[in-house]
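Chains as they are written, first to last, in full-length UniProt numbering: chain A, 1 to 328; chain B, 1 to 328; chain C, 1 to 328; chain D, 1 to 328.
It is worth saying that the hints were derived from the structure and are not from the lab. Accuracy of the hints is not assured; some may be wrong.
No copy labels: a pair is met if it fits in one copy or bridges any two.
Within a straight-line C-alpha distance of at most 30 Å, the following computed DSSO-like cross-link-like pairs (lysine-lysine) qualify [what the hints assert, rightly or not]:
(1) Lys252 x Lys241
(2) Lys306 x Lys119
(3) Lys119 x Lys95
(4) Lys219 x Lys324
(5) Lys288 x Lys299
(6) Lys201 x Lys216
(7) Lys212 x Lys7
(8) Lys324 x Lys55
(9) Lys252 x Lys201
There are 4 protein chains.
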Amino acid sequence: MELKTIKRIGVLTSGGDSPGMNAAIRAAVRAGFYYNIEMYGIYRGYEGMILNDIKKLDSGHIGHILERGGTFLKSARSEEFRTVEGRQKAYENLKSHGIDALIVIGGDGSLTGAHLFFKEHGIPAIGLPGTIDNDLSGTDSTIGFDTACNTAIEAIDKIRDTATSHDRLFFVEVMGRDAGFIAINAGIGSAAAAILIPEKKMPIEELVEKLKVRRKRKKTSNIVIVAEGGKSGGAAEIARKVRKYLPHYDTKVTILGHLQRGGAPSSYDRLLASKLGVMAVEGLLAGKYDVMAGIINNKVVYTPIKRAIVDDKSVDEDDFRIAKILST
Amino acid sequence: MELKTIKRIGVLTSGGDSPGMNAAIRAAVRAGFYYNIEMYGIYRGYEGMILNDIKKLDSGHIGHILERGGTFLKSARSEEFRTVEGRQKAYENLKSHGIDALIVIGGDGSLTGAHLFFKEHGIPAIGLPGTIDNDLSGTDSTIGFDTACNTAIEAIDKIRDTATSHDRLFFVEVMGRDAGFIAINAGIGSAAAAILIPEKKMPIEELVEKLKVRRKRKKTSNIVIVAEGGKSGGAAEIARKVRKYLPHYDTKVTILGHLQRGGAPSSYDRLLASKLGVMAVEGLLAGKYDVMAGIINNKVVYTPIKRAIVDDKSVDEDDFRIAKILST
Amino acid sequence: MELKTIKRIGVLTSGGDSPGMNAAIRAAVRAGFYYNIEMYGIYRGYEGMILNDIKKLDSGHIGHILERGGTFLKSARSEEFRTVEGRQKAYENLKSHGIDALIVIGGDGSLTGAHLFFKEHGIPAIGLPGTIDNDLSGTDSTIGFDTACNTAIEAIDKIRDTATSHDRLFFVEVMGRDAGFIAINAGIGSAAAAILIPEKKMPIEELVEKLKVRRKRKKTSNIVIVAEGGKSGGAAEIARKVRKYLPHYDTKVTILGHLQRGGAPSSYDRLLASKLGVMAVEGLLAGKYDVMAGIINNKVVYTPIKRAIVDDKSVDEDDFRIAKILST
Amino acid sequence: MELKTIKRIGVLTSGGDSPGMNAAIRAAVRAGFYYNIEMYGIYRGYEGMILNDIKKLDSGHIGHILERGGTFLKSARSEEFRTVEGRQKAYENLKSHGIDALIVIGGDGSLTGAHLFFKEHGIPAIGLPGTIDNDLSGTDSTIGFDTACNTAIEAIDKIRDTATSHDRLFFVEVMGRDAGFIAINAGIGSAAAAILIPEKKMPIEELVEKLKVRRKRKKTSNIVIVAEGGKSGGAAEIARKVRKYLPHYDTKVTILGHLQRGGAPSSYDRLLASKLGVMAVEGLLAGKYDVMAGIINNKVVYTPIKRAIVDDKSVDEDDFRIAKILST
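Modelling step: build the complete structure from the supplied sequences, incorporating the hints.
This is the structure:
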């Protein structure tokens with residue numbers, strides 16, 4: 001391919017936001033400037049591409065954003081981009097700005113969009129894994145996952161204070177609709193009594209038995225981590241079931257919710273996002289299209305988007321085994 | 001009264017725990033040692049008094065607890081202490097240890113217990129305001145309130161990241177069943193669009209109007225703070241109502257819940273708790289019984305427990321007015 | 001005075017920055033808009049007044065700054081403003097913008113400037129106490145002080161981990177050149193072995209004796225808090241002296257330095273700054289000139305700048321006494 | 001080897017402490033219990049082995065320590081253990097307790113001790129990489145490194161607030177005597193103007209040129225990260241040199257120091273430490289002696305101690321290149 005043709009790159013964030021997206025945007029823009037490329041911000045993801053909400057970026061736009069959660073380019077879901085007409089409109093807007101290539105930061109839905117768009121309109125696109133869920137293949141970690149885990153354990157540390165003071169049983173629901181990564185990390189990291197994740201169904205009787213054993217051993221802090229939408233139900237539902245078996249326990253439920261999506265990115269996420277932002281630009285310049293840039297074993301790897309999405313990434317069996325040993 | 005008779009003081013925490021309780025216990029115990037008093041820990045509040053779960057404390061018990069949330073003496077609610085028989089049993093247990101006086105750290109229910117106990121059995125008791133709700137008179141702030149406010153705004157700062165990235169409308173429920181102190185502080189401190197507190201009913205139409213005006217002014221971060229049990233209903237209920245008026249808004253609800261009770265106490269709460277812990281001991285030695293020690297205008301003040309409880313402390317009108325100006 | 005004449009207010013921050021300055025600016029600007037006043041930002045303090053670095057502010061300038069440390073109006077020291085000619089130039093610049101009144105956020109030097117300027121040129125000015133040092137009269141706390149105390153204790157909490165693990169003796173220097181407020185708060189809040197503040201000279205022998213007694217009692221965490229420029233010297237100097245007496249101790253020194261000036265403001269500082277920002281505008285409208293707005297006992301109080309500065313605010317004797325009891 | 005002979009394992013932490021050591025101890029002890037092994041705590045590292053400061057651990061010892069910085073087993077340096085006689089004494093103490101195997105958590109010096117001890121006395125030993133410096137081969141990250149990076153960037157975030165407010169040039173010294181890992185992570189993560197690490201010498205003229213270019217581009221936040229003991233000198237020395245070239249700059253120096261060693265471990269370090277703690281026990285049971293357990297690419301790997309220590313781990317060239325692009 002003619003690599004030298006890339007003169008203007010558009011950057012967008014799409015889907016649920018995650019901490020580190022700003023750092024990735026900044027790194028991409030800064031790398032673009034380094035290689036004398038004009039950089040454009042596409043606001044509100046694919047929606048902004050359709051609505052032509054596109055602005056040329058200068059270094060003022062990316063000052064003091066590395067350390068901020070969220071995404072200054074904003075994010076949104078776009079129904080219209082799912083249609084051929086919507087994508088046609090988007091393509092024309094890109095062309096009107098002379099944008100040659102795209103960097104799309106988001107989760108599987110967002111990367112699917114980039115893939116489709118490349119197939120239809122031939123716009124070179126590189127995806128970056130921007131999601132707190134860590135459910136993409138082709139990278140050891142997604143941008144935002146580490147921060148979300150830190151946010152979760154800091155919140156659970158606080159909950160443990162009150163759980164222990166009252167000998168209470170807490171059910172804490174963390175994010176991760178399809179993958180229990182946050183749950184398993186937060187669970188091991190907070191000495192949880194049990195961890196319920198989508199990948200594994202734990203019968204309610206088993207959980208109750210576990211809690212009874214702990215009570216006998218006089219464990220005073222009993223926190224059960226539940227991934228939202230886990231196979232055994234959400235935290236509130238599980239708490240309701242457990243209460244039937246253990247009516248004398250003082251049980252409480254906390255749903256951490258959206259605070260897991262925000263906050264200043266952790267050091268890990270800043271480094272990951274910064275590297276990937278640079279690598280997205282360098283990948284485009286090297287003719288790597290329709291791929292997602294990720295980091296495996298400290299090295300940048302480009303994986304075809306289709307494979308990054310389709311592959312089934314799930315919690316390591318060994319991590320689950322270790323969690324079990326540690327909560328005995 | 002014969003002040004010199006106090007040789008053994010029992011300390012307990014009761015009711016909902018709050019950050020800084022450990023700092024208060026530590027300060028009381030350390031002050032006790034300073035004045036050559038034997039200090040006893042009564043575990044699980046009044047319940048432990050009845051069950052005779054009482055231990056002599058040494059400096060090992062209070063090492064490295066100042067900075068920890070919760071209460072190492074644990075807390076519980078005691079039904080039995082509400083009965084004359086229960087209190088009689090508790091009294092006998094105290095006598096069996098030779099305990100002359102009590103320091104009770106907790107909220108209004110806990111202080112009421114101390115007052116009753118003093119009335120019935122004549123045990124000198126001083127209360128310390130230990131609750132995140134700030135709903136006691138006789139002190140500018142209760143132990144734990146400042147930390148809870150910090151926890152709330154830190155969580156809301158994270159939520160704002162994602163709210164702004166998606167132009168979402170968030171309803172965040174903070175603690176404070178009877179008093180909107182956390183809500184008003186967290187609301188002003190997080191540039192909230194509106195603050196709903198128990199002290200003031202805001203008609204849903206007024207709230208909707210406020211939000212519409214902000215939308216017009218292109219405010220991208222719209223966070224409404226709701227005190228639990230506020231007169232207008234909880235966050236989930238209010239969100240449901242607002243959605244009827246503003247169906248096109250992307251609204252979300254987060255209930256911060258029990259994480260507001262935990263965490264390392266703030267500098268303010270450490271200082272407050274430390275001063276009050278010392279003052280509780282010095283107050284008992286000076287013959288101040290049936291009072292709550294508090295800090296008003298940087299000075300320690302002893303207020304009769306009955307007055308500290310009965311008085312109706314509510315959010316300052318001026319604070320509410322300022323909140324309004326700032327959210328316009 | 002003719003209150004209605006105020007149509008344009010200039011805001012500036014001056015001297016060392018402190019967390020909450022942005023919140024104060026935002027509140028003042030927002031209150032100005034509420035009262036239909038045009039608000040102007042004067043950049044880099046008095047320097048910007050002389051260089052005519054003055055811009056009209058709109059709501060875009062104050063979005064998402066409440067929670068950020070530092071001051072977006074920037075701060076600087078101005079030698080030229082100390083001269084009559086400099087102030088004359090500054091006055092002419094203000095007039096050229098039609099600015100009728102000033103809000104000056106800063107420490108004693110900055111407020112002195114406002115006072116002088118008012119005396120010379122009659123520009124109504126209200127000062128707000130913006131300094132981490134808490135060394136101004138007329139307010140219970142200055143904007144930024146609470147955050148600085150929290151930053152200090154969080155840092156010391158971390159240092160204590162390593163101090164305890166190695167049975168080390170740490171000297172930690174905190175800010176507060178003329179007043180030991182941060183030192184006393186951080187010291188009580190971190191269970192310090194000793195606190196050295198400018199207001200009190202502690203002979204090195206007394207400190208050494210204190211440390212020996214603690215060693216005997218097997219205290220494993222020995223942290224001495226030193227206010228910079230304290231009468232007994234800085235942390236490094238004191239450590240050097242102590243090492244001569246206690247050569248076998250493993251002593252370390254940490255100077256917290258400028259990180260105490262930054263960070264997201266605490267809940268307390270956000271509320272304080274927000275209230276004072278509104279009150280500065282309302283004060284000007286009510287004809288209160290040449291005063292500093294402060295909060296005493298939860299109420300806003302206007303104190304003549306001259307008195308706010310001249311008064312000798314120093315650490316409460318009682319706090320010092322309590323610190324002593326708690327470190328025994 | 002006869003794997004079934006292991007019935008009692010001793011655990012110790014040695015060298016500089018790091019966040020996550022407690023989590024590793026807890027995981028090892030819990031895994032030991034799971035496999036019906038008696039677990040012994042050896043206090044103050046090799047010093048305690050020589051002084052026979054060894055205690056049998058039960059689950060009470062490891063409650064609520066996972067989330068705490070430092071090491072409850074304490075750490076110390078031992079001169080005596082460097083002698084044959086010292087190690088002989090240590091060996092006899094272990095035998096007197098019937099301890100069959102060792103888990104040593106620490107940096108290169110500590111692991112060298114374990115290796116020597118195994119060579120001399122045949123005690124099966126597994127090392128765990130416990131150091132904030134990340135300077136051991138055989139693992140992607142050492143226990144404590146991620147937390148130290150987070151602590152550093154949080155501190156630098158605060159410093160940036162004040163740097164930007166005053167247009168100052170800050171030199172911030174982070175830990176890492178022989179390896180620039182913290183510096184490079186903190187530098188990329190905080191948008192540093194330049195990063196000086198031991199692995200690379202940057203001539204002072206080059207640094208000055210870089211700063212001048214940034215000044216021209218009106219960069220308002222200029223933070224230079226310096227690894228302690230870097231080839232170009234410490235932060236104070238470099239600042240002194242730079243001031244000669246750029247006398248008009250307002251330069252400041254902050255040495256982060258020991259606070260980088262403490263604090264609650266990050267999610268990453270809790271998971272890493274928990275896995276490695278379990279794997280240390282399982283490794284010993286599987287006959288893996290004289291090795292260090294580490295995690296590479298999410299999998300546990302056992303590397304001969306000699307190789308883990310000797311290998312020269314240094315900052316990735318690519319990371320350094322990216323840092324350069326991002327600071328242009």
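Hints, one by one, checked against the model:
no. : hint            : in the structure
1   : Lys252 x Lys241 : both (13 Å within a copy, 26 Å between copies)
2   : Lys306 x Lys119 : within (11 Å within a copy, 52 Å between copies)
3   : Lys119 x Lys95  : within (16 Å within a copy, 62 Å between copies)
4   : Lys219 x Lys324 : within (16 Å within a copy, 37 Å between copies)
5   : Lys288 x Lys299 : both (16 Å within a copy, 29 Å between copies)
6   : Lys201 x Lys216 : within (25 Å within a copy, 48 Å between copies)
7   : Lys212 x Lys7   : between (64 Å within a copy, 28 Å between copies)
8   : Lys324 x Lys55  : between (51 Å within a copy, 26 Å between copies)
9   : Lys252 x Lys201 : both (22 Å within a copy, 28 Å between copies)
Of the numbered hints listed earlier, not one is contradicted by the structure.
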